[in-house]
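Spelled out from the first residue to the last, the chains are:
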Amino acid sequence: MSVENKEFKPTIVAFCCNWCSYAGADLAGSGRMQYPADVKIIRVPCSCRVNPMFILRAFQRGADGVILCGCHPGDCHYSTGNYYTRRRMTMLFDFLDYLGIERGRTRVEWVSAAEGARFASVMNDFVKKVRDLGPNRKITDLRCKPVEKEGE
Amino acid sequence: MQKVAEIAQKRAIQLLNQGAVNRVLGWKKGEFPYDETPAVFASADELKDFVYDSFSSPNLSKYLIEESRKEGKVLAFLKPCDTYSFNQLIKEHRVNRENVYIIGIECGGMIDVVTLKNRGAVGLTGADDDGENITAHTLYGDVKVRKEEVLLEKCQACKGKKHVIYDELIIVNPQDEKPRDRFAGVEAIEAMTPQERFDFWRAQLSKCIRCNACRNICPACSCLQCVFDNPKSGVASKASPDTFEEQLYHIIRAFHVAGRCTDCGECSRVCPQDIPLHLLNRKFIKDMSAFYGEYKAGEDSETRPPLVDFSKDDVEPCIISDKGGDR
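Protein chains in written order, with this note's numbering: chain A, 1 to 152; chain B, 153 to 479.
Excised from the complex, chain A in its bound form (with noise of 0.2 Å):
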């Protein structure tokens, strides 16, 4: 098996709160919208509940990307807890960014369960950064990767 013919097939985990963004990928499933299947979905009661170390632990285990996905903000079943997302967020991301973990592999979206179409052309979008940036080597634990005999 030569390696240009292999494609890169990223990892990438999305969070979904429970109320808004995993029903809007339930929507987007039983719309028969196409989005990849690299995104591995993970349900969470709030977007707020996302801790950070949830994000790196996702990255160390070999994830390529991260989105968070929440309730458009004002619209959180639990009325603010993805405004204090919003805030942690923006400052996690910015701080990665600042580590030289690039910026594409982390990203957060408002989805609600009203938006399958939404969800899917998000995940279609964010799969192909993803993509085009190639596997996280940054920000993961080296022993989980395969080795590569690229020249990187």
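There is no bait here: all hints are sound.
To give an idea of the chain B side of the interface with chain A (calculated C-beta under 7 Å), a few residues:
hint : residue
1    : Trp353
2    : Asp394
3    : Gln399
4    : Leu459
Source of the hints: derived by calculation from the structure; they are not laboratory data.
Every residue, glycine too, gets a C-beta built ideally from N, C-alpha and C.
Place chain B on chain A using the hints.
Same frame as chain A, now just chain B:
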């Protein structure tokens, strides 16, 4: 400085004798004249060991978490930047303000012993500070250097000479405020390419031996049970051959103190590996002020820190992602 120490010592003895306080938190000489350690003095006799000079860099605020919960009042000497930490601890209900009598003590900047030694002051036995110059006494004679050149990193980026909380002040030589740019180091890193930034931090963080000194000294790290002590957290409490663990520890540590870090600079001071940890904390301070309005942790004891607060028209995280928003 000598005079300040004498006044402080006298005043401490006076307060002890009056019964206003029953112990004093200050500094005493360590094994060497330059490694001064925090100490609690319970009597006028013990106070003979009290010192305060240009090596009294330890921030005493963290010790007050424990001291202020004991019986009776404690007298604490706090330098201007230490008062920020203390204010922040009041905000977090970590200290009992009623049990602490604070004397704000003047500070003319503290000396970095390592830099001083590198300037030729080997075999250091003491130093005189006239405000402008340091005369270091060594076993091999005196070495004179400009004070500005041997200051600790935290003093080079001094926040100001104003005490934000105190019961009384001891100021003999009022220090003039010099405007200092705290964020020059952060901006220099931001100006690098992502790969350069990554290489810089990889080189720095891989030096970490996980001694946890930065966490232990940090006045903001006051949790009774730290996440890094939890065996289930999966973060090994030792130097790791895994590059991820090095990053994880420092990212999480910096994130946990984000919005609460007063930039007292103790983490960088105690780091045995000379990792510029203040650059991590200052990045958060800089971002927070840029995104959520000017905020200085510890400036008062009421304002909510940015990360436990929100407003409806906050910036969206895409401001930093590849979606086109600029930083």
